Amino acid sequence: MSTIAPSTRVELDYTGSERLTMNMGPQHPSAHGVFRAILTLEGEQVVGIDAVIGYLHRCHEKLAETLTYAQYPSIASKTDYVAAMTSEFAYVRAAAMIGKIEVPKRAQYLRVIAAELQRVASHLLWLGTWCLDMGGALGGGATVFLYCIREREFILDLFESLVGARLLYGFYQVGGVRYDLPPGWAEQCRETVDFIDRRIGEYERMLEDNPFFLVRTQGVGVISRELAQGVGISGPLVRGSGVNYDIRRTEPYSSYEDFDFRVPVETGGDCYARYRVRMVEFRESLKIVRQALDRLPEGPISSRPGLKSVAQIRIPKGEAYARVEGARGEVGCYLIADGSAKPYRMKWRGASFSNLAILPHIIPGHKVADVVAIMGSVDPVFGEVDR
Amino acid sequence: MMEWLTPLIVPFIVLNAILGIVTYVTLLERKFAARMQSRVGPYRVGPHGLLQPIADAIKLMMKEDVVPTAADRPVYNLAPIVFLIPCMLIFATIPFAPGLGVADLNIGILFFLAVSAMEIVGLFMAGWGSNNKYALLSAMRAVNQVISYDLPFIFAALVPVLLAGSLRLSEIAVAQAGLWFVFYPVIGQLAFVAFIVSTVAAENRAPFDILEAESELVAGFRVEYSGMKFAIIQLGEYAHVVGASFLGALLFLGAWAGPGPEWLGPVWFLVKAMFVFLLVTWVRWSFVRIRVDQILALSWKALLPATLVLLIATAVVVVWRGTPGV
Numbered sequence: 000m001s002t003i004a005p006s007t008r009v010e011l012d013y014t015g016s017e018r019l020t021m022n023m024g025p026q027h028p029s030a031h032g033v034f035r036a037i038l039t040l041e042g043e044q045v046v047g048i049d050a051v052i053g054y055l056h057r058c059h060e061k062l063a064e065t066l067t068y069a070q071y072p073s074i075a076s077k078t079d080y081v082a083a084m085t086s087e088f089a090y091v092r093a094a095a096m097i098g099k100i101e102v103p104k105r106a107q108y109l110r111v112i113a114a115e116l117q118r119v120a121s122h123l124l125w126l127g128t129w130c131l132d133m134g135g136a137l138g139g140g141a142t143v144f145l146y147c148i149r150e151r152e153f154i155l156d157l158f159e160s161l162v163g164a165r166l167l168y169g170f171y172q173v174g175g176v177r178y179d180l181p182p183g184w185a186e187q188c189r190e191t192v193d194f195i196d197r198r199i200g201e202y203e204r205m206l207e208d209n210p211f212f213l214v215r216t217q218g219v220g221v222i223s224r225e226l227a228q229g230v231g232i233s234g235p236l237v238r239g240s241g242v243n244y245d246i247r248r249t250e251p252y253s254s255y256e257d258f259d260f261r262v263p264v265e266t267g268g269d270c271y272a273r274y275r276v277r278m279v280e281f282r283e284s285l286k287i288v289r290q291a292l293d294r295l296p297e298g299p300i301s302s303r304p305g306l307k308s309v310a311q312i313r314i315p316k317g318e319a320y321a322r323v324e325g326a327r328g329e330v331g332c333y334l335i336a337d338g339s340a341k342p343y344r345m346k347w348r349g350a351s352f353s354n355l356a357i358l359p360h361i362i363p364g365h366k367v368a369d370v371v372a373i374m375g376s377v378d379p380v381f382g383e384v385d386r
Numbered sequence: 000m001m002e003w004l005t006p007l008i009v010p011f012i013v014l015n016a017i018l019g020i021v022t023y024v025t026l027l028e029r030k031f032a033a034r035m036q037s038r039v040g041p042y043r044v045g046p047h048g049l050l051q052p053i054a055d056a057i058k059l060m061m062k063e064d065v066v067p068t069a070a071d072r073p074v075y076n077l078a079p080i081v082f083l084i085p086c087m088l089i090f091a092t093i094p095f096a097p098g099l100g101v102a103d104l105n106i107g108i109l110f111f112l113a114v115s116a117m118e119i120v121g122l123f124m125a126g127w128g129s130n131n132k133y134a135l136l137s138a139m140r141a142v143n144q145v146i147s148y149d150l151p152f153i154f155a156a157l158v159p160v161l162l163a164g165s166l167r168l169s170e171i172a173v174a175q176a177g178l179w180f181v182f183y184p185v186i187g188q189l190a191f192v193a194f195i196v197s198t199v200a201a202e203n204r205a206p207f208d209i210l211e212a213e214s215e216l217v218a219g220f221r222v223e224y225s226g227m228k229f230a231i232i233q234l235g236e237y238a239h240v241v242g243a244s245f246l247g248a249l250l251f252l253g254a255w256a257g258p259g260p261e262w263l264g265p266v267w268f269l270v271k272a273m274f275v276f277l278l279v280t281w282v283r284w285s286f287v288r289i290r291v292d293q294i295l296a297l298s299w300k301a302l303l304p305a306t307l308v309l310l311i312a313t314a315v316v317v318v319w320r321g322t323p324g325v
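Chains as they are written, first to last, in numbering that gives the first Met the number 0: chain L, 0 to 386; chain P, 0 to 325.
Just chain L, same shape as in the assembly (with noise of 0.2 Å):
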């Protein structure tokens, strides 16, 4: 174990008689949901923060043991609802690991488009808050949103025609997916990808150019490589501060081991790092949709075609973890089955909820302005923070 203090306060010189508490969130323009963070300020400087979290709690764990394998996927959707597939894929990961179940080739392949354009656009609507967060509504930020916003809806235009949902989709199924690519998607697709290709290039010139952008990231929120391993967070901050874990690559699942993909790593730390891995992760992830479209397999898409009732499927009595790489790290899944139609006990790992661990141990010291940048390159979903 590594030796991680457990103070959150940083004692400054501070000529000052009193402190200011104050309160942000949980309505909050930057809380990112319903973020509360207790912030105990020595004039600008933040010396202390304590994290509140619990305003979006929805029982989701209890709700699952309610609901069939068939039934909960949906659901799932709505814990981290910038990234429904994601939460959806690891729950029906868990379920086909307990039963046994192998997902044909073609299935496969599809889970990881699905996975792959979730991701960009999640990312794109990081990338636009997160601008948002330092650049203000009514400033510059606000124009880098409204790009990303425009760019992440063509991706909500291809789930449209592919599921008929924009934002919860359903699209996995223990076994493997409910639908087929419709006829023309892959043409639209590859279409998208290149369009966001060149688009995120603009983006790159836009903001890196950018002095004003340059200080307010570089340097700010810097997350050691020992911290980084010692609380436990994933994703995209693990790799911001040197460290190469990615579950793709460490732990293929879903054919990830077919796809020829670069894991980003950054040494700084900061937020600019955290930055620069999300922005290679773009390129890397449209380069995954590619491939995938390209070697696309024949072949069903399911290997319990025909559902005729919701409690059609039951698993045999047992109990896994299955975890995927998702656009805010590790998402993991325990689910335990007691051979009905519906699991005895699920489990979440949210990711946001892990990396939220990490804020009481870089915020304090820096000041106000930095919080909200700090908090959005954590990109945290209180969706999935809370369940």
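Among the clues, some could well be false.
[Said to hold, decoys possible] Cut-off 27 Å, straight-line C-alpha distance, at most; resulting in silico cross-link-like pairs (DSSO-like, lysine-lysine):
(1) P/132 x L/366
(2) L/366 x P/62
(3) P/30 x P/132
(4) L/99 x L/316
Simulated from the structure, these hints should not be mistaken for laboratory data.
Owing to the predicted nature of the structure, the values given are computational and were not obtained by experimental measurement.
Mind docking chain P on chain L? Use the hints.
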């Protein structure tokens, strides 16, 4: 025979003209920002959204006026007015055409700069009187920032004064008949850039809008204001920006000089002022906000020494040439 009426009528006309301009400047900015962000902007109220500012004003007037229980009521209620008055007063010395202005003082630019710096009183009253922590932090930032940026703002504005050899705004405008000061070799361009940067900062526009900073401080000093009081603060803020734009057009872009008959002068002046305003707006919608310590560092470590050196260089040039003017 109606001599005594003139001092009343002229300010009345100017004030209302300015109010009209300021109201429609919001629409201009929204349309401009929308185009930058590949949107359409206001479109529904009237043709091409032309009635949008009026709809906004009516909406704000109809809103309930909420006063926080714990607010310092006299300070809270007075703050919007104290904020608005200097913002409108700065127009007093601006000549919109030869002889067309409220008061062409012989120390016109000094009056403008002095009154323009007074807005900070209203800002701080709003932040303090609201009895809100966001507002208080914002007010503290406001004092920091306005003090830091008024100096480079003044130094940049003094460069044309030295070149023209007069503090009277109309004489500065006339001095540019041959060559606009923005085209004055090297000095003119540097001073114009410094003027634009410090205008953006002194007017608290993004990327220097740390006192509004809605992602951290929600709305800063005006977070507790609603209805007409909010509208007055907005009006004051935009009036200040428009005033500074007019000053920029007057100091650097030759004021009312332009082709066409003489009566087109005010129109040319307005066009140039709007050009300066759009420059400021362009900056606003392109950059992310910078942090309070970085803003102060930029002012005290870079902009202030730079404008000071520029001012001294201008003085040397003027002395060397032996005579002010172009």
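To see whether the hints hold, each was checked on the structure:
no. : hint          : in the structure
1   : P/132 x L/366 : 15 Å, holds
2   : L/366 x P/62  : 35 Å, violated
3   : P/30 x P/132  : 34 Å, violated
4   : L/99 x L/316  : 11 Å, holds
Checked against the numbered hints given earlier, the structure breaks hints 2 and 3 and satisfies all the rest.
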